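Student: For reference, the chains in residue letters:
There are 2 protein chains.
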Amino acid sequence: MEVALYLLPVTLGETSIDSVLPPYNKEIIVQIKHFIVEDVRSARRFLKKVDKEIDIDTLTFYPLNKHTSAEEISGYLKPLIAGSPMGVISEAGCPAVADPGADVVAMAQRKNLKVVPLVGPSSIILSVMASGFNGQSFAFHGYLPIDPSERVKTIKHLESRIYSENQTQLFIETPYRNNKMAEDILHNCRPQTKLCIAADITCEGEFIKTKTVKEWQGKLPDLTKIPCIFLLYK
Amino acid sequence: MEVALYLLPVTLGETSIDSVLPPYNKEIIVQIKHFIVEDVRSARRFLKKVDKEIDIDTLTFYPLNKHTSAEEISGYLKPLIAGSPMGVISEAGCPAVADPGADVVAMAQRKNLKVVPLVGPSSIILSVMASGFNGQSFAFHGYLPIDPSERVKTIKHLESRIYSENQTQLFIETPYRNNKMAEDILHNCRPQTKLCIAADITCEGEFIKTKTVKEWQGKLPDLTKIPCIFLLYK
Chain F
1 MEVALYLLPV TLGETSIDSV LPPYNKEIIV QIKHFIVEDV RSARRFLKKV DKEIDIDTLT
61 FYPLNKHTSA EEISGYLKPL IAGSPMGVIS EAGCPAVADP GADVVAMAQR KNLKVVPLVG
121 PSSIILSVMA SGFNGQSFAF HGYLPIDPSE RVKTIKHLES RIYSENQTQL FIETPYRNNK
181 MAEDILHNCR PQTKLCIAAD ITCEGEFIKT KTVKEWQGKL PDLTKIPCIF LLYK
Chain W
1 MEVALYLLPV TLGETSIDSV LPPYNKEIIV QIKHFIVEDV RSARRFLKKV DKEIDIDTLT
61 FYPLNKHTSA EEISGYLKPL IAGSPMGVIS EAGCPAVADP GADVVAMAQR KNLKVVPLVG
121 PSSIILSVMA SGFNGQSFAF HGYLPIDPSE RVKTIKHLES RIYSENQTQL FIETPYRNNK
181 MAEDILHNCR PQTKLCIAAD ITCEGEFIKT KTVKEWQGKL PDLTKIPCIF LLYK
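As you go down the protein sequences, you meet chains F and W in turn.
Going by the numbering used here, 118 is the number at position 118 of the first sequence; the sequence numbering is gapless.
Going by the numbering used here, 173 is the number at position 173 of the second sequence; the sequence numbering is gapless.
Everything labelled a hint here was simulated from the structure, so no lab data went into it.
Errors might be hidden in some of the hints.
Pairs involving identical chains hold if they fit within one copy or between any two copies, as the list cannot separate such chains.
Lysine to aspartate or glutamate pairs mimicking DMTMM-like chemistry, simulated, CA-CA at most 20 angstroms apart [as the list claims (entries may be wrong)]:
#1 49 - 18
#2 211 - 103
#3 26 - 204
#4 26 - 53
#5 48 - 14
#6 52 - 150
#7 26 - 57
From a predicted model like this one, the values you see are computed outputs, not experimental measurements.
Required output: the full structure, derived from the provided sequences and hints.
Tutor: This is the structure:
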């Protein structure tokens, strides 16, 4: 096994490891003793799910969140520099994509350390695949502004890029505000603009549906508390 | 197994199925008899690799390329409408993302048929993860224009979005023009702009390296004939 910073995706919810992660990931994970993680408790739970034989007490966890300083991150990489492979685990899906991890990867790249991303579920790619929208040009924007007028402005701006650049536009929302987001889209986009709602991806209630704004009117499902990604295209 | 249009990723090159595809994909694949494929020969090869017990002669393949008309695509979906699960397979990675498939998915969405994307390797997500660049906002642009002046204009435009929108910019090139593309970036971007070159992702020669334009000067690896994705960020 090569000494590297391995980027280890996790499941997107209550789904089995076998449904979303390649067997190779387990082979790599069981050889790693040092994990940089978004949340220690859920990382431990994930590792136990990967292999219940893993002795969690022999592992070291380095917490990674918005309060982690650049100095701390630099310190975290010491085992890797000393020759031990390390892993990065975020809360859901792929680390460093719409999730923490990019800072530690950037630091590893600056220090010329090897970085190896492993395959796993990304709601971004899965939703682009299933939307029927342009997969040759698309942009992911994370969360839109919370301020109502800024938010409407952003939605309209993204909609304009669909038409001016033929580019699929993706964004997310905190689950308890999903219904509001869907309504904001229906109220501010053109009737013929298409909206794909991709909810609970890879999980039991998976729902990925594309309709025009006009067709969605009055027919929105309840998206409260369900992880969702929204896609717009023409 | 649910009746649906399954989007089935394949390996990105000469790598094992187990390293990039979840076991669940095989469970699904062996139950499908109708495949819409970018290339019949490579699809057969992939299916044999997934399970050498698959009797290829009992399967039906529907070729999908830029010459396939909307009417043909609509016809392709008849088995699905009649109650048989179908699969979509492209040449490399995830169907409908930087690859054909989006038209057939769009048709399935219009006909209100269930679409289920399965997890697999996407050079786009894997390279964003490993670049250390912004994974909260990124845009994939496919191929840039071939015309030299249009191309330089596009590179500069994408570079400006790094700074104005804090957005990671990704694009690809046909392998035999990769060296030219890398040179075009070095000649036209600011010295401090960062370029991540991600080559041969998930394969034996995987190389993912982030440096500033200035640092890359005179130190570009030979990228001819190697599948590559280019990422720009500040």
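Student: So, for every hint listed, does it hold in this structure?
Tutor: A quick look at each hint next to the structure:
no. : hint      : in the structure
1   : 49 - 18   : both (10 angstroms within a copy, 18 angstroms between copies)
2   : 211 - 103 : between (37 angstroms within a copy, 15 angstroms between copies)
3   : 26 - 204  : between (23 angstroms within a copy, 19 angstroms between copies)
4   : 26 - 53   : within (12 angstroms within a copy, 26 angstroms between copies)
5   : 48 - 14   : within (14 angstroms within a copy, 31 angstroms between copies)
6   : 52 - 150  : neither (47 angstroms within a copy, 55 angstroms between copies)
7   : 26 - 57   : within (18 angstroms within a copy, 35 angstroms between copies)
Checked against the numbered hints given earlier, the structure breaks only hint 6 and satisfies all the rest.
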